[in-house]
Amino acid sequence: MQFLSYLVRGISLGSVYALIALGYTMVYGIAKMLNFAHGDIIMVGGYVVFFAFCQGGMNPWLAVILAVVACTLLGITIEKVAYKPLRGAPSLAVLITAIGVSYFLQNGAMLLWSSEPKSFTSVVSLPALNLFGGSLQISAETLVTIAVSVVIMVVLIWFVNKTRPGHAMQAVSEDRGAAQLMGINVNGIISLTFAIGSGLAAIAGALLLSSYPTLVPTTGAMPGIKAFVAAVFGGIGSIPGAFLGGILLGIIENLSKAYISTQLSDAIVFIVLIVVLLVKPSGLLGKKQTVKV
Amino acid sequence: MAKKKKMSKSARTYLTSFLLVAIFYGAVEAIRLSGNLSSKAAGLLIPVCAYIMMAISLNLVVGFLGELSLGHAAFMSAGAFVGVFFYNTAGASLPRWLAVVLAFLIGGLAAGIFGMIVGVPVLRLSGDYLAIVTLAFGEILKNVLNSLYIGVDSAGVHFSLKDQFSLNMEPTGKVLMKGAMGITGIKKFSYFSVGILLIVLTLLFVLNLMNSRAGRAITAIRDDDIAAKSVGINLTRYKLMAFVSSAVIAGFAGVLYALNFASLVAKKFDYNLSINILVMVVLGGMGSIPGAIVAAIVLTVLPELLRGFSQYRMFIYSIVLIVMMLFNRAPAFVAWRQRLGLKIRNKKDGSGVSSGNAKKEG
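Chains A and B supply the protein sequences, listed in that same order.
Numbering-wise (the working numbering), the first sequence opens with residue 1 and increments by one.
Numbering-wise (the working numbering), the second sequence opens with residue 1 and increments by one.
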């Protein structure tokens, strides 16, 4: 029973990784860059929800929507200011800039809101679910997190495969030059991708902090890097891959925390990354080019 | 002017690098002799030397090999821990000078081996993947060192990754490494001149490497790996050479740094340190050794001099990173700078000196 409880919590944590990884994987697929600052957008989303809901007493739904809007705008701004001028520059330059943006967000948050930890109140106010006569208790946050990420993944797959902007995304990801020649507004599509990814990061932030309620300026850094690991694990560029990678990573992390060592759980996650990259660099679902974004 | 032009670029790099180190050494000794060196500033001297070495070492990978290492602090950490562990155990019964020399050699060797372990798989990747895997290795090493306990008693050496009690030691046993507490009771060995000596050795090694056949092969790989391969350059070999050399230097820097303090913890060598060193390399100009030296000195000394600045330090670093990258690498900016340079040169009637692409900007 205890194993089941660890497993469910692992899936829940994994769902958050999956949401973040979706943003990573889409940006990587389309802009061909590793957006290191993606994790820190989670943190910004977290602070927006914190000030609107936990302190301002706003309706939790409205607070999350506000965070999504704020992060979407932030994502587009970052792309326009820091990444767009570097299009065509060596990837090393783009990566260093992305690290700079990540540091900018973290330290900006530290100056604005101080490094003092803020304690987050859960945006979910439902009772926990009791199974097997109370021997297995699953918190509402866990269930909501899993449900939300499944819904988002389904909507995203539909969006990418069935709508015009989605098709344009696939085209840009496959061949940017050819897509431009076919009349696709490449810059617009890249902005759209950053917008979607950042919006998802805001939702991920609210859900992550509902389960792990300590909010500091570096809250987003580790989940961000782990979500990247998840995206690589599942096959970067693939939406179901990011989802699967996220869930598996969450399970691996939670089980190793429970059964091996709390301190070494991060190390185990990174060993997974290294093994995946060496054995199957394209990831678990990387070959499935059809849903490549 | 005419004389300077005749001097080759490499000779100029040698001259400026050693001149900078000499000025740094001279200035510090002059301040010390005049009695104005505060104890706080004196405590900074060895870390500055270690950071200079780290910046030169990372420059080898980022500037000359053209790959990004986000876990460079890990090599420093590997060197520091192994070197100091030796110094504190086997070295205790040796003459002090011999213990120190051996600690450096063993630390450097350990970092080199770690660099090899990391490098062989990592260098098969490139770009973003390589960067993230170096970060992963750095985090793994930090986590393992943070939870590693080593003790020794009459039954032999005990290891544990859990806590001190799981070492199962006899009560008379001695705990050598205490997880997150690290190694304590280090007999300090901190001489500024030793730091300078190590910098000079590092410079001799790196500058000679870059002017050798191997160095040219490494820069050829950075500029175009396919072209380099097609003229018969063994990519893996030269990439590994740059990577491992860089790791060894970082290991020396780690031992130098660690011997300056009474205790050593793994947390010091985290991701932030790797980024700090990256900022030094980027600010100094990727591929420029004198630039790395100046940036390392300025970025270590400046925050300590300006009180209240430390709060803004990382914030300013982040802006520096973004602005430098946009200014140096954004295609639009590069074109604009070239146009500007052309204009100035035309005005000067063709007496322009060099195009100076990676070295410095306005």
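No wet-lab data here; the hints were simulated from the structure.
Don't take every hint at face value.
What the hints assert, rightly or not - Straight-line Cα separation of at most 25 Å, SDA-like style, residue types lysine to any residue; simulated pairs:
| # | chain 1 | residue 1 | chain 2 | residue 2 |
| --- | --- | --- | --- | --- |
| 1 | B | Lys9 | B | Glu304 |
| 2 | B | Lys174 | B | Tyr271 |
| 3 | A | Lys80 | B | Val28 |
| 4 | A | Lys257 | A | Lys80 |
| 5 | A | Lys280 | B | Tyr129 |
| 6 | A | Lys80 | B | Leu123 |
| 7 | A | Lys84 | A | Phe51 |
| 8 | B | Lys178 | B | Tyr129 |
| 9 | A | Lys84 | B | Met314 |
| 10 | B | Lys267 | B | Leu167 |
| 11 | B | Lys188 | B | Leu44 |
| 12 | B | Lys267 | A | Ile268 |
| 13 | B | Lys267 | A | Lys280 |
| 14 | A | Lys32 | B | Leu123 |
Stated by the list, open to error - Here chain A is said to cover these stretches of chain B; the calculated rule only asks that three of the stretch's residues, wherever they fall, bring their Cβ under 8 Å from a Cβ of chain A:
| # | region |
| --- | --- |
| 15 | 40-48 |
| 16 | 118-126 |
| 17 | 165-178 |
| 18 | 335-343 |
To be verified - Label-pair ranges, simulated between beta-carbon atoms:
| # | chain 1 | residue 1 | chain 2 | residue 2 | range |
| --- | --- | --- | --- | --- | --- |
| 19 | A | Leu111 | B | Leu340 | 30 to 36 Å |
| 20 | B | Asn346 | A | Pro117 | 47 to 53 Å |
| 21 | A | Ile157 | B | Ser10 | 42 to 48 Å |
| 22 | A | Leu181 | B | Ala335 | 54 to 60 Å |
| 23 | A | Met1 | B | Tyr312 | 30 to 36 Å |
We treat Cβ as the ideally placed atom computed from N, Cα and C, and that holds for glycine.
* Asked: Should the hint that A/Leu181 and B/Ala335 are 54 to 60 Å apart at their CB atoms be regarded as holding?
  -> Between A/Leu181 and B/Ala335, where Cβ atoms are some 23 Å apart, the hint is violated.
* To do: Note whether the CB distance of A/Ile157 and B/Ser10 lies within 42 to 48 Å or breaks it.
  => Violated, since A/Ile157 and B/Ser10 (Cβ atoms, about 56 Å apart) do not stay within the stated range.
* Cβ-Cβ distance between A/Met1 and B/Tyr312: within 30 to 36 Å? -> Between A/Met1 and B/Tyr312, where Cβ atoms are some 51 Å apart, the hint is violated.
* Are A/Lys84 and A/Phe51 close enough, with their CA atoms no more than 25 Å apart? -> This hinted pair is violated, its Cα atoms lying about 31 Å apart.
* **Hinted pair B/Lys267 and B/Leu167, Cα distance within 25 Å** => 22 Å, holds
* Asked: CA of B/Lys188 to CA of B/Leu44, is that 25 Å or under?
  -> 14 Å, holds
* Asked: Can the region 40-48 of chain B be counted as covered by chain A under the rule of three residues or more with Cβ-Cβ separation shorter than 8 Å?
  -> Answer violated; 0 residues pass the 8 Å Cβ test.
* Asked: Does B/Lys174 pair with B/Tyr271 here, judged by a C-alpha cut-off of 25 Å?
  -> 31 Å, violated
* Given coverage of the region 335-343 of chain B by chain A, tested with a Cβ cutoff of 8 Å and a minimum of 3 residues -> Contact hint for the region 335-343 of chain B vs chain A: violated, 0 residues under 8 Å.
* Could you grab the alpha-carbon distance between A/Lys280 and B/Tyr129 and see if it respects the 25 Å cut-off? => 13 Å, holds
* Asked: Is the Cα-Cα distance between B/Lys178 and B/Tyr129 25 Å or less?
  -> Distance ~33 Å between B/Lys178 and B/Tyr129 Cα, so the pair is violated.
* Asked: Holds or violated: are the alpha carbons of B/Lys9 and B/Glu304 at most 25 Å from each other?
  -> 34 Å, violated
Hint check: violations occur at hints 1, 2, 3, 4, 6, 7, 8, 13, 15, 17, 18, 20, 21, 22, 23; the rest are consistent with the structure.
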